[in-house]
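There are 2 protein chains.
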Amino acid sequence: MSLPNPVDPPRVTLMGPGPSQTSESVLAALARPTLGHLDPRFLAIMDEIAQMLRQVFGTDNRTTLPISGTGSAGMETCVMNLVEPGDAVLVGVNGVFGGRLCEVASRAGGEVTRVEAPWGRAFSPEDFERAAAGRRFKVLCVVHAETSTGVLQDLSGLREVADRMGALLLVDTVTSLGGVPVELDRFGVDATYSGTQKCLSCPPGLSPVSFSDRAVDVIGARTSPVRSWYMDIGQLTRYWGGERAYHHTAPINMLYGLHEALRLCLVEGLPARFERHRLHARALAAGLGAMGLELPVPEAIRLPPLTLVKVGAEVDEAAVRRRLLTEHGMEIGGGLGDFKGKAWRIGLMGASSSRGNVEGCLSALAEALQHQGVASRGDGLAAAREVYASV
Amino acid sequence: MSLPNPVDPPRVTLMGPGPSQTSESVLAALARPTLGHLDPRFLAIMDEIAQMLRQVFGTDNRTTLPISGTGSAGMETCVMNLVEPGDAVLVGVNGVFGGRLCEVASRAGGEVTRVEAPWGRAFSPEDFERAAAGRRFKVLCVVHAETSTGVLQDLSGLREVADRMGALLLVDTVTSLGGVPVELDRFGVDATYSGTQKCLSCPPGLSPVSFSDRAVDVIGARTSPVRSWYMDIGQLTRYWGGERAYHHTAPINMLYGLHEALRLCLVEGLPARFERHRLHARALAAGLGAMGLELPVPEAIRLPPLTLVKVGAEVDEAAVRRRLLTEHGMEIGGGLGDFKGKAWRIGLMGASSSRGNVEGCLSALAEALQHQGVASRGDGLAAAREVYASV
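Note that the protein sequences, when read in sequence, are chains A and B.
According to my numbering, the stretch in the first sequence is residues 1 to 391, in order.
According to my numbering, the stretch in the second sequence is residues 392 to 782, in order.
Just so you know, these hints were derived from the structure itself, not from any lab.
Glycine is no exception: its CB is placed at the ideal position from the N, C-alpha and C atoms.
Keep in mind that the hints are not guaranteed to be accurate.
Far from chain A, by Cβ distances over 10 angstroms, these chain B residues were calculated [stated by the list, open to error]: (1) Gly-477; (2) Asp-770; (3) Ala-780.
Short derived list, chain B residues pointing at chain A, Cβ under 7 angstroms [unchecked claim]: (4) Pro-395; (5) Thr-413; (6) Ser-459; (7) Pro-595; (8) Val-607; (9) Gly-611; (10) Ala-612; (11) Pro-616; (12) Arg-618; (13) Gln-626; (14) Ile-643; (15) Asn-644.
With the hints as constraints, model all of the structure from the sequences given.
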């Protein structure tokens with residue numbers, strides 16, 4: 001085999017379901033010199049990361065840290081620590097990630113009860129209450145932001161429902177953290193995991209998690225060891241906390257990147273950041289609507305960072321995505337599960353959430369559809385600009 | 392809380408047990424623009440990584456890929472996939488990482504039998520044969536390069552021993568890959584995990600693993616699902632292999648770094664790279680010996696990338712390490728377990744394995760000892776230079 005050339009990736013406008021575009025200063029942080037993982041200067045960086053994560057998560061939870069793996073590792077960390085063999089787990093499934101929670105909980109030995117909602121719809125607290133039917137559960141699992149559908153789940157009322165079933169409340173915030181308010185403490189969330197490559201606009205590779213003191217107590221009272229040594233939150237806390245007990249070697253340069261990504265969130269200010277995500281999602285929706293494209297998710301539960309777009313049978317949706325990538329240097333995502341081959345997922349996450357991207361995407365989509373001989377109903381760009389003009 | 396400043400880590404000469412120094416071109420690769428994880432150009436990069444990994448591992452194993460976590464995640468991946476509840480596992484323990492293998496195997500439900508050797512010593516094939524006492528085992532686990540002691544385990548004869556007990560051969564190559572010959576196929580290794588932050592000189596965050604076809608068959612014949620969804624090698628293979636079935640989002644920028652790190656190995660050439668590691672370790676050992684410092688690991692089993700140095704009771708070993716870090720910008724490691732407070736671990740791994748580092752370290756150690764009023768017996772620098780002059 002001949003030796004490969006050095007990597008030379010082109011700059012792509014990332015508007016899929018993640019990764020989002022990485023900010024220049026985050027890329028630069030990744031390339032700073034590697035420190036030893038026990039160097040006092042690195043330990044200080046870890047402390048700052050944990051403190052900034054608490055702010056972005058909206059929590060005082062001491063047990064707040066990034067897992068050294070991607071979002072799915074964070075999911076598994078939460079589930080593996082909270083669930084012991086035989087534990088009853090109630091999971092809301094309205095997309096891929098609810099389904100994955102069931103799979104992970106089942107492998108952890110949990111007895112899983114699924115509560116289903118149609119893909120593209122959210123749950124009411126009563127849906128869970130009804131499914132529980134008076135039984136007790138160890139954990140109630142809900143996806144805050146379903147990356148497969150672009151549905152935002154309202155967390156109001158879930159704490160009370162969880163309390164009535166004696167459950168801890170576990171929430172997937174992979175695609176919400178840094179893009180929409182998460183506010184763990186306000187909603188009484190006991191455990192959560194997120195990803196870095198969505199609204200934080202850091203490359204994939206880390207999964208911020210947070211556990212309430214109540215969840216930590218439940219983990220401390222386990223009768224069997226956590227099945228994963230790598231994801232054992234007790235040991236991870238002793239490494240990230242004051243003891244600095246060696247566990248594994250932290251992904252140092254990735255953590256530099258996360259540090260900078262969190263800094264950028266706080267420099268912008270969380271309320272301004274959330275408003276930015278809302279504005280550009282609104283402009284995108286207006287443009288897509290004007291073009292005659294349908295958004296299957298009702299506006300009230302639409303996730304600003306991720307918009308699901310229905311694709312008519314007359315359109316070769318994969319060919320449009322390929323054309324966007326090759327001719328426009330722009331990536332959007334395809335549908336998953338119920339929406340496979342029938343929808344696009346357009347991400348406006350973190351650094352990708354910008355007016356330039358909204359207008360660029362609308363204009364590229366119009367061109368690609370026209371290339372297939374599909375006429376747009378109206379002028380998407382003009383409709384988006386109207387939204388911008390109105391603010 | 393006030394907003395932290397951007398990370399601004401100083402450039403430290405990393406001569407501990409890992410991370411080693413990251414090459415400039417690897418740092419630059421980390422900072423290249425993020426591609427989508429399903430972008431055809433990224434998939435090509437994944438293929439090149441897998442192919443280069445096979446070369447460095449010395450294997451044709453199809454199932455060769457980096458796990459999206461650090462070395463401990465790779466250990467857990469190997470164990471969790473190979474071990475089902477009730478399986479008998481034989482583990483050689485002569486340092487921290489053998490002990491960790493026991494812990495991980497036990498959490499996976501394995502029935503673990505430990506074979507102990509003193510810290511700082513290696514095993515003979517007969518040690519395992521005797522411990523097995525005619526019983527059959529599912530997996531025989533051996534650490535090729537014990538990061539806690541700097542012992543290199545000869546792999547010769549282990550395949551035959553494993554065969555006689557009906558076992559798969561699992562080998563920890565965290566601190567050997569890229570620094571000493573690994574040659575999986577030659578030694579009949581069935582499963583291995585490594586790390587990126589040792590002799591590959593890429594920052595921590597990925598764990599290259601490789602599984603023989605025989606191991607893949609055994610995993611395929613499991614009667615229970617792998618307890619970890621994140622580390623399920625069957626699913627990971629479908630993502631890394633031709634199917635590209637979405638599993639988790641690969642750590643894109645970290646993989647750019649690994650691609651470049653592997654390229655640097657192959658550009659240098661593996662034989663030259665191994666010889667470089669041997670030469671600088673020899674010079675370091677000569678220098679330390681001349682200074683009157685004792686190396687507890689016998690020369691025949693000494694690991695070139697990592698040298699264990701005994702510290703006399705008259706020396707405050709932690710103060711020496713602190714002084715190296717603050718006054719000399721150089722990191723060396725302390726002892727672990729049996730050697731805690733009684734030894735240093737000096738790494739010469741990957742980019743850190745250089746004449747400048749050997750001479751810088753000997754001279755810094757002499758200064759730091761002198762600062763404590765401890766006289767060196769002789770001139771370490773001169774002894775090291777003699778080694779260099781002789782080649």
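So, going through the hints one by one against the coordinates:
Against the 10 angstroms criterion, B:Gly-477 stays outside the reach of chain A, whose nearest CB is about 14 angstroms from its own CB. For B:Asp-770, the non-interface assignment is confirmed: its Cβ lies about 28 angstroms from the closest Cβ of chain A, beyond the 10 angstroms cut-off. At roughly 32 angstroms from the closest C-beta of chain A, the C-beta of B:Ala-780 stays outside 10 angstroms, upholding its exclusion from the interface. For B:Pro-395, the interface hint holds, since its Cβ comes within 7 angstroms of a Cβ in chain A; the closest pair sits about 4 angstroms apart.
Of the supplied interface hints, the one on B:Thr-413 holds, with its beta-carbon coming within about 4 angstroms of a beta-carbon of chain A, less than 7 angstroms. At a threshold of 7 angstroms, the smallest CB-CB gap from B:Ser-459 to chain A is about 5 angstroms, leaving the interface hint in force. Checking B:Pro-595 against chain A: minimum C-beta separation of about 4 angstroms stays under 7 angstroms; hint holds. The restraint placing B:Val-607 at the interface with chain A is violated, with a minimum CB-CB distance near 19 angstroms, outside the 7 angstroms limit.
Contact between B:Gly-611 and chain A, as hinted, is not supported at the beta carbon level, the nearest pair being about 17 angstroms apart and thus beyond 7 angstroms. Contact between B:Ala-612 and chain A, as hinted, is not supported at the beta carbon level, the nearest pair being about 18 angstroms apart and thus beyond 7 angstroms. A hinted interface residue such as B:Pro-616 counts as satisfied when its beta carbon comes closer than 7 angstroms to some beta carbon of chain A; here the least separation is about 5 angstroms, so the hint holds. This hint holds: B:Arg-618 has a C-beta 5 angstroms from the nearest C-beta of chain A, less than the 7 angstroms allowed.
Interface hint at B:Gln-626: violated, since its Cβ lies 10 angstroms from the closest Cβ of chain A, which is beyond the 7 angstroms cut-off. Taking 7 angstroms as the C-beta contact cut-off toward chain A, the hint placing B:Ile-643 at the interface holds, the least distance being around 5 angstroms. Of the supplied interface hints, the one on B:Asn-644 holds, with its beta-carbon coming within about 4 angstroms of a beta-carbon of chain A, less than 7 angstroms.
When the structure is compared with the earlier hints, violations turn up for hints 8, 9, 10, 13 and for no others.
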